[in-house]
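Enquirer: This is what each chain is made of:
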Amino acid sequence: MDTQRKKGILDVCVLAVLSKKPSYGYELIGEVSKCITISESTLYPILKRLESGGYVTTYKQEHNGRIRKYYRITEAGMEKTRDFLSEWEEMQQIYLYVHNLIKGEEQ
Amino acid sequence: MNRQNFLNEFLNALEPISEEERVQISEYYEELICDGLEQGLTEDECIAKFGSPEDAASKFREEYTSETPAAEEKALAPVTALSDSFSPSGEIHTLNLNAANARVNVIPSDDVELSILTTGDNENNTVTSEVTDGVWYFTLSRKRDRKNIFLSLFKGFDNLTSELTVKVRKAFSARFFCTHPTPK
Chain A
1420 MDTQRKKGIL
1430 DVCVLAVLSK
1440 KPSYGYELIG
1450 EVSKCITISE
1460 STLYPILKRL
1470 ESGGYVTTYK
1480 QEHNGRIRKY
1490 YRITEAGMEK
1500 TRDFLSEWEE
1510 MQQIYLYVHN
1520 LIKGEEQ
Chain B
79 MNRQNFLNEF
89 LNALEPISEE
99 ERVQISEYYE
109 ELICDGLEQG
119 LTEDECIAKF
129 GSPEDAASKF
139 REEYTSETPA
149 AEEKALAPVT
159 ALSDSFSPSG
169 EIHTLNLNAA
179 NARVNVIPSD
189 DVELSILTTG
199 DNENNTVTSE
209 VTDGVWYFTL
219 SRKRDRKNIF
229 LSLFKGFDNL
239 TSELTVKVRK
249 AFSARFFCTH
259 PTPK
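Quick note, the sequences are listed as chains A and B, same order.
Residue numbering for the first sequence follows the numbering used here, starting at 1420 and increasing by one per position.
Residue numbering for the second sequence follows the numbering used here, starting at 79 and increasing by one per position.
Mixed in with the good hints, there may be bad ones.
[What the hints assert, rightly or not] Distance condition first, Cα-Cα at most 27 Å in a straight line; then the derived BS3-like pairs of lysine-lysine: (1) Lys-1439/A to Lys-1467/A; (2) Lys-1439/A to Lys-1453/A; (3) Lys-1453/A to Lys-245/B; (4) Lys-248/B to Lys-1426/A.
[Claimed, not checked] Pulled from the structure, derived: some chain A residues nowhere near chain B, Cβ distances all over 12 Å: (5) Lys-1439; (6) Ser-1458; (7) Lys-1467; (8) Tyr-1474; (9) Tyr-1478; (10) Gly-1484; (11) Tyr-1489; (12) Trp-1507; (13) Gln-1511; (14) Ile-1513; (15) Glu-1524.
[As the list claims (entries may be wrong)] Under 8 Å between C-beta atoms, here's a sample of chain A residues computed to sit facing chain B: (16) Lys-1440; (17) Gly-1444; (18) Ser-1471; (19) Arg-1501; (20) Ser-1505; (21) Asn-1519; (22) Lys-1522.
The hints are simulated quantities; they were obtained by calculation from the structure and are not laboratory data.
Being a predicted model, the structure only gives us computed values, none of them experimental.
We put the CB at the ideal spot given by N, CA and C, even for glycine.
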């Protein structure tokens, strides 16, 4: 996929996972990887960006005698996922339009 | 390659970065390794997943710099009035609010959870919200882009383009830091 297009999508995928419950780095990679390739070194800047944008907040919690950093979605983050869905409804219309023109001609 | 070698080479490839960032990035990778070990991987396997330090660093940088086109896009978008609500996580005893160019309203109430609503020119505002030891640090600042410079030349520097509504329980101690932009 076009890297520029993928960037915004990864942010939304991370937010979508967090919309269910707060999560941490390792778990996020496992979840997001189910639908799109994401590397450890890509996730960190995404989380940083989401945090500085106010889309997630962080807290630290003890786990097996060590500290784990958790990310929690904010209302602004939820709003961003809803915006994404409504944007893509529009995209789908465009897709169908292009699809019908191109594939329709081929037949 | 052990974790220390990986981290050293990776962080060196990312230079220049602040000491604070170094610590945060190290903690992030240390946590991933610990979680991997818990899942039954060996340290080598965990580190192999990161790729070479150079590859990891170039992916990292690529993602870090991706903010620029989006910011450019936002600067060109029309100014719209939007509301964003922010709530802190965990117990909060102090709110450290730092708001440039915004009108601040405080609404005390009996039952509401602490929250901040930003209204106005949110497209050009940057909000940071962080909770440390029960202190909620909330900062609203204006993005520095060409359009803002243009607008501030036009309207002067004291135009209040945003509004912050702080909903707070009556029995709450808060410190407010409201800064005004200084003309350059």
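Enquirer: Can you give the numbers of the hints that this structure goes against, from lowest to highest?
Expert: Hints 3, 4, 6, 7, 8, 9, 10, 11, 16, 19, 20, 21, 22 not satisfied by this model.
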